[in-house]
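J.: Each chain, letter by letter, is given below.
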Amino acid sequence: MKTIPDDLIQQHGLTRNEYEHILEMLGREPTVTELGIFSVMWSEHCSYKSSRVHLRTLPTSGRRVLQGPGENAGAVDIGEGLAAVFKIESHNHPSFIEPYQGAATGVGGIIRDIFTMGARPIALLNSLRFGPLDDPLVRRTFAGVVAGIAGYGNSIGIPTVGGEIAFDESYTGNPLVNVFCLGIAKADEIVKGVASGVGNAVYYVGAKTGRDGIHGATMASAEFDEKSAEKRPAVQVGDPFMEKLLLEACLEVMRSGALVGIQDMGAAGLTCSTCEMGSRGGAGIAIDVSLVPQRETGMTPYEIMLSESQERMLLVVKRGREAEVERIFDKWDLHAVRIGEVTTDGRLRVTHHGEVVADIPNTALTDEAPVYRRPMAEPAYLAEAQRLSLAALGAPPPVREVFRRLLASASVASKRWVYRQYDHMVRTNTLVVPGMGAGVVRVKGTARALAMSVDGNGRFVYLDPFLGAELAVAEAARNVACTGAQPIGATNCLNFGSPERPEIMWQFARAVEGMGAACRALEVPITGGNVSLYNETDGRAVLPTPVVGVVGLLEDASTVVRRAFRADGDAIVLLGRGGDELGGSEYLKVFHGLIRGTPPVLDLALEAALQRLLVRGVAAGLIRSAHDCAEGGLAVTVAECCFNTSLGASVDVPAVAAAVPEFGQIATLFGEAASRVVVSVEADRAAELVALAKAEAVPAAVVGRVGGDRIRVAIDGELAIDESLADAEDLWANAIGRWFDRPRAVA
Amino acid sequence: MKFAVVVFPGSNCDHDAYHAVKHVLGQDAAFVWHKETSLAGADVVILPGGFAHGDYLRTGAIARFSPIMQEVRRFADAGGPVLGICNGFQVLLEAGLLPGAMLRNRSVKFQCEHVFIRVEQTDTPFTSACRQGQVLRIPIAHGEGNYYAEPDVVERLERNRQVIFRYTTAAGEVTPEANPNGSVHNIAGLCNEARNVVGLMPHPERACELAIGSADGLAILESAVRSVSQGAFPAAGAGAKAVAAAR
Chain A
1 MKTIPDDLIQ QHGLTRNEYE HILEMLGREP TVTELGIFSV MWSEHCSYKS
51 SRVHLRTLPT SGRRVLQGPG ENAGAVDIGE GLAAVFKIES HNHPSFIEPY
101 QGAATGVGGI IRDIFTMGAR PIALLNSLRF GPLDDPLVRR TFAGVVAGIA
151 GYGNSIGIPT VGGEIAFDES YTGNPLVNVF CLGIAKADEI VKGVASGVGN
201 AVYYVGAKTG RDGIHGATMA SAEFDEKSAE KRPAVQVGDP FMEKLLLEAC
251 LEVMRSGALV GIQDMGAAGL TCSTCEMGSR GGAGIAIDVS LVPQRETGMT
301 PYEIMLSESQ ERMLLVVKRG REAEVERIFD KWDLHAVRIG EVTTDGRLRV
351 THHGEVVADI PNTALTDEAP VYRRPMAEPA YLAEAQRLSL AALGAPPPVR
401 EVFRRLLASA SVASKRWVYR QYDHMVRTNT LVVPGMGAGV VRVKGTARAL
451 AMSVDGNGRF VYLDPFLGAE LAVAEAARNV ACTGAQPIGA TNCLNFGSPE
501 RPEIMWQFAR AVEGMGAACR ALEVPITGGN VSLYNETDGR AVLPTPVVGV
551 VGLLEDASTV VRRAFRADGD AIVLLGRGGD ELGGSEYLKV FHGLIRGTPP
601 VLDLALEAAL QRLLVRGVAA GLIRSAHDCA EGGLAVTVAE CCFNTSLGAS
651 VDVPAVAAAV PEFGQIATLF GEAASRVVVS VEADRAAELV ALAKAEAVPA
701 AVVGRVGGDR IRVAIDGELA IDESLADAED LWANAIGRWF DRPRAVA
Chain B
1001 MKFAVVVFPG SNCDHDAYHA VKHVLGQDAA FVWHKETSLA GADVVILPGG
1051 FAHGDYLRTG AIARFSPIMQ EVRRFADAGG PVLGICNGFQ VLLEAGLLPG
1101 AMLRNRSVKF QCEHVFIRVE QTDTPFTSAC RQGQVLRIPI AHGEGNYYAE
1151 PDVVERLERN RQVIFRYTTA AGEVTPEANP NGSVHNIAGL CNEARNVVGL
1201 MPHPERACEL AIGSADGLAI LESAVRSVSQ GAFPAAGAGA KAVAAAR
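The listed protein sequences correspond, in order, to chains A and B. Just so we're aligned, residue 1 is where the first sequence starts under the working numbering, counting upward by one. Just so we're aligned, residue 1001 is where the second sequence starts under the working numbering, counting upward by one.
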């Protein structure tokens, strides 16, 4: 007899074929609770059904990798018996619907992933994308997301030490909120999300379960339309104080040695944590949901299993040590409740007041979830978008105007208005604060430090997904190397449109290929991450935006280098070579409203050599400051090195050979050629650095000198930019704040 | 010399205070859980920064009911040096150990940045190693640090020289621009009438090493070491002595 109607199946986001598969695996019709469980576990968000075949091609191992993808987070060896545990995750969809809570719970979720591994979280980064700030609705979303990140991170006491933000119309109805967290664990004490040992107790601890967030995972797997506001009940509400209690209590429980495994209840809540822990341990789990602490009366098993209430953990405790674990949670005023036990049969069995409401093999929900090799097709826009005719743009604007407008463009301008709201100093480890390049934190108890950066340029990926993704990896690793740290591992967050559209799937597949190529060449394996698809509103996708987080190890924290110039009279050296690279540039976007051309050429061998040179040059005490050339090109980079220092600079660079001579100056000053870094060095040691560069086969030239109160950039001896440092800095420093506050003096 | 760092469940600068005292100053330090009823023989008590109980109500409003606060009050009443930093300052205000209250920052946003504060008085256990008028560069990190008290209270604070730190420019001038949060009279920190209890919004424990941006905060913690070792505060060391006697 058929009791599950077709429209119910459809409402659960399951296709006819998927439903047939469920019938086959169960050998019967599912209960409504089971239908809900399958629906969330087989959602794109949890199952990676469209992305898995591609993700398998990424490099995930290396001599420092202690934990690759598949656990709550990845881990790399940082020496002295310690591991860096890190991951990046998206919370895009909830942040559009309810910016503050969406972003806040994104922070909460990634923090849980890190401490679940037995690591103490010590740093956060975020990568954000919004529409243009002249749209009031965007300003509301932007301010709400920033406040939400601040509200959660500040309260729990984990510093936000860096990040990046860019703006483009494609993100107006679908902002991206990607949050990265890094923690430190003892390498031999990493905890896994595994259930094993028949008869071991399964505990629930943390916030009570409510009706919030039901179907959050399914929401994150659907596109937005005008009815999205109706989905607000699916956004969860965060409680950072509860999470702080959980963090401290869980770390204490882990130190006691009484734990078998632990997992947080994130997307798909109790469902995901039970079946994944069981599946990893090759065991089963039987729980009685009537024992689950509930915030509301009359909750059904369906609701309890699918709730995404925040700040909840599932633990498997060694037999005989239950009282010890309960005592620790009591100390923190948390009530750990025994809701079930580990079984041998490999099944997820859920009862409710004695009645079995779900009984499913774990593997049906995890390993045997559908995998799709979705159709792919090169997007129709691509060939046209890659054609860039500068000659058709008419006479280029005056260089001075370009310089000033690029400094004030929201994607380039200072993000101080944002990071001033983040506590970036708590834990007293922050060696490099936000706005100064990669974030760097020291590792107390050692001489070491860790550098981390998140990067991704959606325009480049839109114009060439393979190359754009390669450039994202290169930039994140380069930013880390600029501090003197050796890049050792990476995590990714892949933000794309609907995988059901062949052109989006093609972008995705090509980007993953490019990412893999760059990660292999630069020796930064991907240890985990997150895929966010369906980033579309009314059928229009965001720019394809793979964000890469790279972690680097600095053996001697005292050698750390920042982006700002250090002293009057220091020589300025340009590492790498320029090129006629205006494709996908900030210049084209700001002045001509165009995303066109091909992204900058990337020579991975040169990039690797450049990064080796940076690490060696910093270790040798030669490089005193370093900043990579990105959006806005060389002129903007030199200016940024001057900001926050009250030191000006004078540089003279060779002209690049431009295909359209009228755009020669623009290409030289604002082109975004890859693998270039502006460094400063004591004047009498400049030759030493140039020699070191030669040994690494990296082009290097002394191009100028730090000092004065102006920013001067000449091309082949002819002065092109001559701007007061104070004026330039004012443009850059206040561009974002002036949308929200009255302008204020430069600090 | 022993510092007690009180740990409320939502404290998050407790480890930073401990690190500064223990590893930078080289003094003895101990965490004291808020449910405990003894300060473990401490000479100096620090109430650290954080969000003591989440602070969804007023900051510090619940912390004053923690069992340890009775002991902190007894210690303070006996003249022992107590330092409240940021949330610790807010707890001292809520507990009535210092006068006044905190409003939300003038910007209505959390603010984390380095500011300059001027040492107004040096006759407290936390400024005895400073110079009068010395300007310190120390970070703030708070959403509710806009100090407020009724005009007559502020007047009394000024008359009694209880304003210990004021937000100023780098040159030590009191200006509206140098005031990061709107505090009345640019007040960044104050003491009680007996001068042994000091609260301030800036974080001296975050400014004890040049590697992390400033070492100006050391003067505040070193003051406590100097004051206690010189016996300048009657109850200082009382806890340690009591423990010694018990042995």
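Treat each hint with caution, since some may be false.
Taking lysine-lysine and the DSS-like style, the derived pairs with C-alpha atoms no more than 30 Å apart in a straight line are [to be verified]:
1) 1002/B x 1022/B
2) 331/A x 1022/B
3) 186/A x 1022/B
Derived by calculation from the structure, the hints in this document are not laboratory data.
J.: Now tell me, hint by hint, if it's right for this structure.
T.: Structure-based check of all given hints:
1. 1002/B x 1022/B: It holds: about 9 Å lies between the C-alpha atoms, which stays within 30 Å.
2. 331/A x 1022/B: Distance of about 25 Å is within 30 Å: holds.
3. 186/A x 1022/B: Answer holds: residue 186/A to residue 1022/B is near 22 Å, not above 30 Å.
This entry satisfies every hint, going by the numbered hints stated previously.
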